[in-house]
Amino acid sequence: MQNERKIRVLIAKPGLDSHDRGAKVVARALRDAGMEVIYTGLRQTPEQIVETALQEDVDVIGLSILSGAHKTLFPRILKLLKKQDLTDIMVFAGGIVPEEDVSEMKKLGIKEIFGPGTTTEEIIQYVNKNLPKRDQS
Amino acid sequence: MLTVNQSSVRATVGQKMSMVDKNKISQLRKERERWEQTTLPKWIKQSGERKKEFKNTSNMLINRLYTPEDIKAVDYIRDLGFPGEYPFIRGVHATMYRGRFWTMRQFSGFGTAAQTNQRFKYLLKEGETGLSIAFDYPTIMGYDSDHPMGKGEVGVCGVAISSLKDMEDLLGGIPLDKVTTSMTINGPAAMLLGMYVAVGDQQGVSREKLGGTTQNDNLKEYFAQKLCIYPPKPAVKLTTDIIEYCTRHLPRWNPTSISGYHIREAGANALQELAFTIYDGITYVESTMARGLKVDDFAQRLSFFFASHNDFFEELAKFRAARRLWAKLMKERFHAKDPRSMWMRMHVQTSGCTLTAQQPLNNIARTTIQAFSAVLGGTQSLHTNSFDEALALPSENAVRVALRTQQIIAHESGATTTVDPLAGSYYVEALTNEMEEKAVEYIQKVDDMGGAIVAIEKGFFQKEIADSSYKYQREIDEKRRVIVGVNDYEIEKEENPIELLRVDPNAEKEQLANLQKLKRKRDRGAAEKTLDKLQRSAEKDENLMPTIIEAIKAYATLGEICEVLRKVYGEYKELIVI
Amino acid sequence: MSRTEKIAAGVLRGDRRSIAKAITIVENNPHEAQELVATIFPHTGKAHIIGFTGAGGAGKSTLIEKIVREYRRRGKSVGVIAVDPTSPFTGGAFLGDRIRMQELSTDEGVYIRSMATRNYAGGISRATKDASKILDAAGKDIVIVETAGAGQSEVEIVRVAQTIVVLHAPGLGDEIQAIKAGIMEIADVFVVNKADRENADKTAIDIQTMLRLGSKKTGWQTPVLKTVALTGEGVPELLEKIEEHRCFIEGDAACKENLLKTRAEAELLEAIQERASRALIAKLRAEGKLDQLLREIIERKVDPVSAADRLVKKAINDD
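Protein chains in written order, with numbering that gives the first Met the number 0: chain A, 0 to 136; chain B, 0 to 577; chain C, 0 to 318.
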């Protein structure tokens, strides 16, 4: 168990949205599934999120947002990830992202969006199945 | 610190009127045992029961059957009494809805002030009887619409209000002497109240007549809604400033709406919602009395705000227990003499987190049940969620259905023809008693810890809520709790996608232009003078309402005013408990 | 160049991405870890490695954030390793310490990494020491290691850090007597946080007494300091003590000299400032020069700062 590589996940809440019930439940569930979860609390800027992902060398980023500001914040985050050469990190999102925005967000680089009604099991399985292959450079 | 327990109350209220003939109890018990041994087993054998045990969200065991035995300790005069009299469990007013319906007050706001003004007028036309303002995130956090943190958030989930000018546009054409308004605002509550008062002054409405509510409950922000700007001590000071100011100058205004809704939505169960809300109320009463005000001076204007969740009976028990418990606390712990100080007036909102994105029309049924329990629970004011809650802000169509739901309950259901119709139900009264007793245990616990602020610093409320929230999700994940349309009764494809509200994408641009225009037109020097005055006043720990109103009237912006206080009080850093 | 060599080179350049990858390597790949550490080792030994331990609720993370800010103000670069416990049942961990320091994430002079104990006992992880070497080699002046936070049995930090700061706070429910002996022994600096609370003074005195009973073999007398992490009160003094300890353990005369000189200069200047202004103001008042200027200021003929300038220049030239 000691040197077994752990999946490192950053759970982040970008912007001013203060609904963190889901983010906390997911963080706890991922921890209970054996992952190392970094949660940075509310009101994170895109710069803070990306820098954290870099320093913590995470495999996965989960963005939680329910305020409707995803159309501004997700593109900014994904752009910064590209700039920092971190596009090998798997990014998923949760919260409230209207159906009509989903395909646009996915095109930008959000791999999957988990809306209301998603079970924690679904998210755990998704992360396990879609873990990026990293450490190539 | 005195807390309340049943035996102390038994001593105070005189007349005894048991609801059950004590002599007949043993006979009843014998009959129940007979039923359990003869009739019941046949049914158990035939089809069993769906679960080994049935519990509500508060983890209380629910019996198969309730009989008079379950309420044998209830004394009608002492524990129920009459509406409009202590302990007020049967209702705050003697005639309740036979006299007047609850206020139908739909929480609304999006885009610019002008756009929300239109929605307000629409709702008033459709029959709502009070306004309720939803502000956008930058406003709630005390930022102007041009603050960098607000990019992409302006007007998106509420209305953008950065200055008195915006408030003037928001309330344009709305007579403030005829309409009461609730403002869901906490950290910057004083500023928004200042704006409302300023508009009232402009309209020539006397301050004695101005009616409404500011949520202004900063304690719950630290463990539930999380919209904290300043640390706990200055936040409680600001809440108390408003209570004190309103007591002296705005007699019709409810300075605070002590909230359980957000506590519940954050994942607490009904019992925790009840206990933590009441404890916040206790804290504000103490902080206001510490200023030298007498409890009977201000307590009658304290109001409350609860959620109404799915379990009809649990919610009903919660509302009634809340009223009785608060009355007892005001009497026993705070020695209130005026009966109006013991009233718990409440606003209820049906629970948003129970509504689903899947098969959204089902939400109308959920909201109806939740609204119904609030009405049978005797609420003074009600907001019903729209069926598109899990998808977007309410469309005009959806919010109209939500409003109609209230109107149908009011006019067609028969629930409003008598007062407190479910009193005396064996189940309801037994559950109400259990709610109250267990809430008192929580209150004692927090008292022993040293009060609400210590409990927040220790992460006590946060842990309780995180555990309940996780437990609830596990139940859903493991299908031990069915959510219709989500983990059972699902459909492959949603037919007939509903028309969703789209917030005007130009709203942010428009609002930024408005803000720039304001800054150009105003007398900047005059505004800055008021900000300096405010800073000095804050440093001297004075009641800030008068200087805030001055600053508002000089068109200092919300962000400028809040920044002054950020300088003086610092910003809060969250304690995370998952 | 192998991947490990490339990363090592990047670490020595201070490249953040390389630091991140390097720490991942020492956490997960023992062979590559050895190669990596061997490559960077000659470049270690410059950073001051400070361990922070103490029970949860004492305010460790809040205090560390203030300390990092103070170091930054003094022009130092800082690396922070925040350790949290791995669940023995699930193998997962919730790493929430950086939340208190998140504003510093985008400060180029600060690097924060969260690590899980991965069931290593003693408050740190097996890879913590190597991770601190990486930050050292990357050029960080200060490396702070925050232990997992149970406080009681967290003595492994001595293997990693040169200066150990132990944190306590009054009213934690942890009576002084309950602070295990091991923790008392490893403390180089003891801090009573939340010093604005009622029992803080008594707590500090009690701890001082206990420390005196078992003084260190090295001859270093562990001081007991008081801080209020929320406001930053006591933090500059804490940094002084940490710096003093560093000089002590390095037995470096020059370092000590420098520290003493800086302190002396600060004190002297403060004293001069206070005496000089008092004397000058008294003189000006006596000569009636102040009243005259006040009139001019009220009539807006001159602003206060220019007036003061004039006065002081004249006073200095007169003498």
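Don't read these hints as lab results, they were simulated from the structure. Since this is a predicted model, take the numbers as computed values, not measurements. Just to be clear, a hint being listed does not mean it is correct.
No farther apart than 30 angstroms at their CA atoms in a straight line, the calculated lysine-lysine pairs in the BS3-like style are these [stated by the list, open to error]: (1) 572(B) x 75(C); (2) 5(C) x 572(B); (3) 5(C) x 78(A); (4) 5(C) x 132(A); (5) 492(B) x 232(B); (6) 528(B) x 54(B); (7) 110(A) x 528(B); (8) 457(B) x 225(C); (9) 82(A) x 260(C); (10) 41(B) x 51(B); (11) 566(B) x 225(C); (12) 150(B) x 82(A); (13) 225(C) x 282(C); (14) 552(B) x 70(A); (15) 508(B) x 50(B); (16) 5(A) x 470(B); (17) 23(B) x 71(B); (18) 572(B) x 282(C); (19) 23(B) x 236(B); (20) 528(B) x 300(C); (21) 208(B) x 177(B); (22) 54(B) x 78(A); (23) 128(A) x 208(B); (24) 128(C) x 132(A); (25) 240(C) x 75(C); (26) 128(A) x 518(B); (27) 566(B) x 313(C); (28) 45(C) x 75(C); (29) 492(B) x 82(A); (30) 528(B) x 552(B); (31) 106(A) x 508(B); (32) 50(B) x 105(A).
Between beta-carbon pairs, the in silico distance windows are [claimed, not checked]: (33) 70(A) x 50(B): 39 to 45 angstroms; (34) 492(B) x 110(A): 18 to 24 angstroms; (35) 271(C) x 545(B): 41 to 47 angstroms; (36) 293(C) x 201(B): 38 to 44 angstroms; (37) 230(B) x 298(C): 24 to 30 angstroms; (38) 71(C) x 512(B): 54 to 60 angstroms; (39) 100(A) x 491(B): 19 to 25 angstroms; (40) 545(B) x 110(A): 51 to 57 angstroms.
We treat Cβ as the ideally placed atom computed from N, Cα and C, and that holds for glycine.
Verification of the supplied hints:
| no. | hint | verdict |
| --- | --- | --- |
| 1 | 572(B) x 75(C) | 24 angstroms, holds |
| 2 | 5(C) x 572(B) | 39 angstroms, violated |
| 3 | 5(C) x 78(A) | 26 angstroms, holds |
| 4 | 5(C) x 132(A) | 19 angstroms, holds |
| 5 | 492(B) x 232(B) | 51 angstroms, violated |
| 6 | 528(B) x 54(B) | 60 angstroms, violated |
| 7 | 110(A) x 528(B) | 52 angstroms, violated |
| 8 | 457(B) x 225(C) | 21 angstroms, holds |
| 9 | 82(A) x 260(C) | 46 angstroms, violated |
| 10 | 41(B) x 51(B) | 17 angstroms, holds |
| 11 | 566(B) x 225(C) | 24 angstroms, holds |
| 12 | 150(B) x 82(A) | 21 angstroms, holds |
| 13 | 225(C) x 282(C) | 40 angstroms, violated |
| 14 | 552(B) x 70(A) | 35 angstroms, violated |
| 15 | 508(B) x 50(B) | 56 angstroms, violated |
| 16 | 5(A) x 470(B) | 25 angstroms, holds |
| 17 | 23(B) x 71(B) | 10 angstroms, holds |
| 18 | 572(B) x 282(C) | 49 angstroms, violated |
| 19 | 23(B) x 236(B) | 55 angstroms, violated |
| 20 | 528(B) x 300(C) | 22 angstroms, holds |
| 21 | 208(B) x 177(B) | 9 angstroms, holds |
| 22 | 54(B) x 78(A) | 49 angstroms, violated |
| 23 | 128(A) x 208(B) | 63 angstroms, violated |
| 24 | 128(C) x 132(A) | 27 angstroms, holds |
| 25 | 240(C) x 75(C) | 16 angstroms, holds |
| 26 | 128(A) x 518(B) | 54 angstroms, violated |
| 27 | 566(B) x 313(C) | 38 angstroms, violated |
| 28 | 45(C) x 75(C) | 12 angstroms, holds |
| 29 | 492(B) x 82(A) | 39 angstroms, violated |
| 30 | 528(B) x 552(B) | 12 angstroms, holds |
| 31 | 106(A) x 508(B) | 26 angstroms, holds |
| 32 | 50(B) x 105(A) | 42 angstroms, violated |
| 33 | 70(A) x 50(B): 39 to 45 angstroms | 44 angstroms, holds |
| 34 | 492(B) x 110(A): 18 to 24 angstroms | 23 angstroms, holds |
| 35 | 271(C) x 545(B): 41 to 47 angstroms | 44 angstroms, holds |
| 36 | 293(C) x 201(B): 38 to 44 angstroms | 42 angstroms, holds |
| 37 | 230(B) x 298(C): 24 to 30 angstroms | 44 angstroms, violated |
| 38 | 71(C) x 512(B): 54 to 60 angstroms | 39 angstroms, violated |
| 39 | 100(A) x 491(B): 19 to 25 angstroms | 22 angstroms, holds |
| 40 | 545(B) x 110(A): 51 to 57 angstroms | 54 angstroms, holds |
Against the hints set out earlier in the document, violations occur for numbers 2, 5, 6, 7, 9, 13, 14, 15, 18, 19, 22, 23, 26, 27, 29, 32, 37 and 38.
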